[in-house]
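2 protein chains.
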Amino acid sequence: MPSYTPPTKDMQFVLHEVLKVSEHPVPGYDELEPDFTAAVLDEAGKIAAGVLAPLNPVGDVQGCKLENGIVRTPEGFKAAFDQVRNGGWTALDCDPEYGGQGLPYVLSTAVGEMFSASNMAFNMYQGLTHGAYNAIHAHGSDAQKTMYLPKMVSCEWGGTMNLTEPHCGTDLGLIRTKAVPNGDDSYKITGQKIWISAGEHDMCDNIIHLVLAKLPDAPEGVKGISLFIVPKFMVNEDGSLGERNSLSCGGLEEKMGIHGNATCVMNYDGATGFLVGEPHKGMRAMFTMMNEARLGVGLQGYAQGAVAYENALAFARDRLQGRDVTGVKAPEKPADPIIVHPDVRRNLMDQKSFVEGARAFTFWGASLIDASHRGGDEEAEQLISLLTPVIKGFLTDKGFETTVLAQQTLGGSGFTREWGLEQFVRDARITMIYEGTNGIQSLDLVGRKLAQNGGKAIMAFFDLTKSYIKDNAGEDAEFDKDFLDPLKAASKDLQAAGMYFMAQGMKNPNNALSGSYDFMHLFGHVCLGLMWARMAKAAKASLDAGASDRDFYETKIATGRYYMARQLPLTATHLARITAGGDTVMALDAANF
Amino acid sequence: MPSYTPPTKDMQFVLHEVLKVSEHPVPGYDELEPDFTAAVLDEAGKIAAGVLAPLNPVGDVQGCKLENGIVRTPEGFKAAFDQVRNGGWTALDCDPEYGGQGLPYVLSTAVGEMFSASNMAFNMYQGLTHGAYNAIHAHGSDAQKTMYLPKMVSCEWGGTMNLTEPHCGTDLGLIRTKAVPNGDDSYKITGQKIWISAGEHDMCDNIIHLVLAKLPDAPEGVKGISLFIVPKFMVNEDGSLGERNSLSCGGLEEKMGIHGNATCVMNYDGATGFLVGEPHKGMRAMFTMMNEARLGVGLQGYAQGAVAYENALAFARDRLQGRDVTGVKAPEKPADPIIVHPDVRRNLMDQKSFVEGARAFTFWGASLIDASHRGGDEEAEQLISLLTPVIKGFLTDKGFETTVLAQQTLGGSGFTREWGLEQFVRDARITMIYEGTNGIQSLDLVGRKLAQNGGKAIMAFFDLTKSYIKDNAGEDAEFDKDFLDPLKAASKDLQAAGMYFMAQGMKNPNNALSGSYDFMHLFGHVCLGLMWARMAKAAKASLDAGASDRDFYETKIATGRYYMARQLPLTATHLARITAGGDTVMALDAANF
Chain E
1 MPSYTPPTKD MQFVLHEVLK VSEHPVPGYD ELEPDFTAAV LDEAGKIAAG
51 VLAPLNPVGD VQGCKLENGI VRTPEGFKAA FDQVRNGGWT ALDCDPEYGG
101 QGLPYVLSTA VGEMFSASNM AFNMYQGLTH GAYNAIHAHG SDAQKTMYLP
151 KMVSCEWGGT MNLTEPHCGT DLGLIRTKAV PNGDDSYKIT GQKIWISAGE
201 HDMCDNIIHL VLAKLPDAPE GVKGISLFIV PKFMVNEDGS LGERNSLSCG
251 GLEEKMGIHG NATCVMNYDG ATGFLVGEPH KGMRAMFTMM NEARLGVGLQ
301 GYAQGAVAYE NALAFARDRL QGRDVTGVKA PEKPADPIIV HPDVRRNLMD
351 QKSFVEGARA FTFWGASLID ASHRGGDEEA EQLISLLTPV IKGFLTDKGF
401 ETTVLAQQTL GGSGFTREWG LEQFVRDARI TMIYEGTNGI QSLDLVGRKL
451 AQNGGKAIMA FFDLTKSYIK DNAGEDAEFD KDFLDPLKAA SKDLQAAGMY
501 FMAQGMKNPN NALSGSYDFM HLFGHVCLGL MWARMAKAAK ASLDAGASDR
551 DFYETKIATG RYYMARQLPL TATHLARITA GGDTVMALDA ANF
Chain L
1 MPSYTPPTKD MQFVLHEVLK VSEHPVPGYD ELEPDFTAAV LDEAGKIAAG
51 VLAPLNPVGD VQGCKLENGI VRTPEGFKAA FDQVRNGGWT ALDCDPEYGG
101 QGLPYVLSTA VGEMFSASNM AFNMYQGLTH GAYNAIHAHG SDAQKTMYLP
151 KMVSCEWGGT MNLTEPHCGT DLGLIRTKAV PNGDDSYKIT GQKIWISAGE
201 HDMCDNIIHL VLAKLPDAPE GVKGISLFIV PKFMVNEDGS LGERNSLSCG
251 GLEEKMGIHG NATCVMNYDG ATGFLVGEPH KGMRAMFTMM NEARLGVGLQ
301 GYAQGAVAYE NALAFARDRL QGRDVTGVKA PEKPADPIIV HPDVRRNLMD
351 QKSFVEGARA FTFWGASLID ASHRGGDEEA EQLISLLTPV IKGFLTDKGF
401 ETTVLAQQTL GGSGFTREWG LEQFVRDARI TMIYEGTNGI QSLDLVGRKL
451 AQNGGKAIMA FFDLTKSYIK DNAGEDAEFD KDFLDPLKAA SKDLQAAGMY
501 FMAQGMKNPN NALSGSYDFM HLFGHVCLGL MWARMAKAAK ASLDAGASDR
551 DFYETKIATG RYYMARQLPL TATHLARITA GGDTVMALDA ANF
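As you go down the protein sequences, you meet chains E and L in turn. For the first sequence, full-length UniProt numbering assigns the number 1 to the initial residue and increments by one for each residue that follows. For the second sequence, full-length UniProt numbering assigns the number 1 to the initial residue and increments by one for each residue that follows.
Worth double-checking, as some hints may not be accurate.
Note that the list lumps identical chains together, so a pair holds whenever it fits in one copy or between two copies.
Lysine-lysine pairs mimicking BS3-like chemistry, simulated, CA-CA at most 27 Å apart [to be verified]:
#1 K20 <-> K540
#2 K46 <-> K333
#3 K65 <-> K9
#4 K507 <-> K481
#5 K466 <-> K481
Everything labelled a hint here was simulated from the structure, so no lab data went into it.
Could you put together the complete structure from these sequences and hints?
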């Protein structure tokens with residue numbers, strides 16, 4: 001069985017030495033002193049390693065079962081869910097007005113990485129509830145908030161998001177689910193929704209479904225979509241549970257991974273629902289929380305990479321095959337551990353340098369969300385809005401790739417169930433698809449975010465990178481050569497791509513859109529390059545200050561050097577593809593493929 | 001359920017317009033007239049599409065079951081196996097002296113792609129038998145050949161390869177299985193072997209195991225390994241079956257994919273075996289057939305990509321979401337088919353341009369094996385020996401990647417079992433691992449093949465590419481620009497990498513070995529670039545000659561242009577990584593990862 005070791009030390013490094021969170025003027029960040037965050041992360045780590053990780057293969061093998069309309073979660077899930085909920089973990093960053101602890105999102109992101117790495121399918125039950133909580137919190141009426149939020153904060157009640165229908169997912173303008181006014185404040189909801197994660201299960205007393213549907217007078221397309229609360233059990237004025245609503249789980253999806261999470265077909269047969277926010281403004285409500293939800297999926301992607309890497313590393317240190325070509329390393333053993341071989345290292349360094357870079361990038365993103373939500377910082381809001389599709393698309397593509405690399409480290413053992421690596425691969429795969437496929441992320445990035453407010457956000461990002469390079473150059477020739485020069489080159493490629501899109505965007509949109517996916521990756525590499533420069537700088541500062549754990553900081557710098565030398569050159573290929581334009585992409589008639 | 005459409009037309013194009021097989025002086029190639037190969041491929045295609053493809057999901061869901069020592073294959077497998085065997089498909093390229101049809105390997109490779117694409121797990125039963133047939137054919141005594149081969153050619157008896165043991169796979173010098181002489185011509189074989197594909201099953205009357213073991217006087221390491229025939233049932237002089245041998249299947253591996261194929265733990269408890277070839281020369285016997293076996297795995301990799309692409313394409317033509325940004329394409333429908341969107345096309349073109357390039361590359365490789373085995377062409381032998389790790393490593397990495405891309409085309413549907421794409425991903429994954437992991441392939445390429453005979457083979461490849469460019473330049477400016485220029489640039493990158501290795505190889509082997517994986521991919525792109533140039537040239541010739549099916553040829557050229565413009569630029573990144581050297585790869589102490 002695979003193991004899980006909470007990366008508390010690395011998280012502390014990112015929070016306090018790179019982001020220096022407690023020095024930020026964001027409301028609530030003054031609480032985030034190193035001792036406090038260490039205590040929180042240690043406790044979360046114990047649950048992740050001791051409770052959730054052992055249940056991960058159980059959930060995979062047993063899966064969920066639909067019996068007489070009831071979905072049974074795998075053995076041990078309910079007890080673990082109770083433990084997580086009773087420990088207050090589901091309330092971490094929720095509003096104290098509804099029972100939350102009001103802690104910054106950046107801290108709950110760190111906890112989220114641990115929970116997601118140790119058991120992604122399990123953690124989704126809480127994650128979906130949190131998403132629904134966010135939507136109601138942002139757009140619900142006071143009465144709705146009072147009625148639903150406290151129980152959702154504690155996860156006594158679950159929450160779901162119902163968007164997709166059999167004939168439409170990405171193009172939500174096509175949805176057919178209907179909402180007909182009942183004459184009071186309620187609506188009759190009728191339709192079928194598919195791929196509803198945690199749509200039905202046995203771990204909560206009630207499930208609060210958020211459902212996109214169309215009112216009778218709705219305009220065509222996405223401008224005619226409204227959002228409804230549709231509880232599994234009606235809730236009485238006093239908060240007690242009333243009648244069962246007319247909705248049911250019509251089936252469970254058989255899928256490649258995340259077997260421990262119930263992916264439901266949900267049938268609404270004239271179910272009673274309540275409008276959230278204004279009529280026809282449901283998409284807006286959905287979009288409000290998209291930055292956070294998509295960052296959460298990017299996190300899932302690299303978190304699977306992180307746990308996969310940990311297990312690949314353990315294997316590489318243990319497995320004896322062949323001899324170091326430069327001289328025997330373990331003469332007392334029949335062979336050397338495979339970590340001596342350059343190609344095994346290349347593989348491990350790819351994993352390590354991605355995972356640590358992704359962690360820093362995600363925490364930085366979470367801190368931008370805090371700055372926006374808590375601090376009302378509009379520039380932060382625009383920046384995270386720009387970066388969100390990169391975090392989601394790039395980190396899940398690379399996170400999945402990392403699980404595949406880790407699986408490869410184990411050779412044949414990686415393909416067997418026993419070692420658990422193949423589950424990480426199968427679970428990570430969904431992150432590239434849900435919450436908007438990565439193709440959609442790239443379209444959002446190039447088609448919407450780049451041009452928003454006259455390109456203000458991307459210009460701000462360029463400025464930020466340029467200033468960083470300028471402010472940090474000239475102090476240390478080695479740092480300049482190993483980190484700033486590659487970052488400058490990669491950033492130039494990103495700017496060149498941006499210029500190409502600007503020049504082509506209006507003339508021939510296909511030229512821009514054909515390069516959107518490469519742009520998302522180019523952008524991702526620049527972001528990770530920036531994070532690695534910042535991390536190396538922070539590590540150097542600690543070394544200069546005489547930090548005792550020199551191995552940790554030296555390793556950090558060496559890992560960053562690897563990323564800059566081996567991964568950043570990819571930006572040139574992405575740029576070459578982008579500037580190759582759309583002609584070869586669009587050349588074929590659809591019939592001739 | 002996914003569909004399978006045999007790519008007969010494309011195969012015919014490669015065989016006759018690109019490779020022009022029937023004009024080759026290789027013995028037996030005169031038979032390969034277009035009408036003949038078309039007839040063979042049509043019949044094979046019917047079995048692949050009509051019999052094997054429908055069993056592919058059945059095999060995946062049911063898997064194999066071990067009951068009282070007997071392995072039950074999935075429903076329908078035995079009947080299909082009988083049909084394949086009775087149709088003579090297992091005997092296609094086997095020696096007529098033992099009941100084979102004696103057809104060239106290039107033709108059985110084309111048939112193999114169909115069988116493997118439609119049902120990889122199923123086709124492995126025959127594939128393993130064929131591998132064992134090859135080993136006995138090359139190294140067995142006349143008596144052994146007469147006793148075992150006819151029944152293996154017809155697949156009445158199966159065959160297996162027993163290399164791996166629990167503590168060693170790659171490093172076979174560590175094996176512990178013992179062979180003790182019985183005093184007659186037989187040996188007592190004792191040991192445990194794992195991951196034995198088709199090690200035990202119910203589709204054959206007997207199974208002929210080829211087992212690597214050590215004689216009592218064996219030298220240490222790989223130089224002390226001998227190869228033995230260990231039949232499941234002893235074979236009497238008259239060819240009838242005798243007693244059950246002392247060997248058994250001790251368990252089935254639970255694994256990520258190829259569930260329809262039994263992956264067995266095999267226990268040899270003093271089983272009776274017979275030496276194949278000379279004592280201590282077992283590794284040589286294994287290596288003889290490695291080119292063919294590894295080409296077969298490369299084929300499996302791209303074949304899964306091919307069937308996945310076909311199904312992704314069908315989905316992209318059918319699924320309606322969003323509108324073409326340059327103008328509505330299907331006004332009569334609620335949305336346009338997703339194939340109108342540039343990023344969906346980018347994804348499909350990546351798949352298509354890889355699959356067709358890989359097919360040409362593999363068929364070319366198979367024709368080199370024919371030239372070597374049938375024609376005694378030593379240069380062909382050296383060239384295919386050099387290209388084998390590229391075919392195996394590059395085509396399986398990219399083949400797997402292609403299944404992932406295809407799965408992505410389907411969005412959420414790609415993650416569900418129902419659509420079948422996720423099975424292609426899970427099945428394709430093993431091809432990167434078995435028959436030598438792709439890391440090992442890259443080590444074989446850079447550590448052995450490059451330097452062999454003073455680098456004669458790689459120089460020959462460079463000459464071949466240069467001559468091709470020289471011979472074809474100057475006739476058509478567009479062809480020069482779109483195909484020859486990128487090929488020249490990529491080929492230069494490959495040469496620069498080769499020079500770097502030469503300069504570093506002796507000085508610091510870690511510098512060379514740290515770049516081995518990138519070199520394998522760089523090489524693969526150059527090979528596919530060469531194939532695309534050759535295909536485009538052939539397509540142009542047919543167009544110039546007034547071929548009626550202009551769409552096919554124009555599509556071929558456009559697809560090639562895509563590959564050259566969008567994939568070949570990767571060679572620059574691979575070169576940058578290679579010349580970055582081994583310092584960042586090897587920097588960390590194993591304890592500090």
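Hints, verified against the model:
no., hint, in the structure
1, K20 <-> K540, "within (15 Å within a copy, 62 Å between copies)"
2, K46 <-> K333, "neither (35 Å within a copy, 54 Å between copies)"
3, K65 <-> K9, "neither (39 Å within a copy, 46 Å between copies)"
4, K507 <-> K481, "between (39 Å within a copy, 24 Å between copies)"
5, K466 <-> K481, "within (16 Å within a copy, 36 Å between copies)"
The earlier numbered hints that this structure contradicts are 2 and 3.
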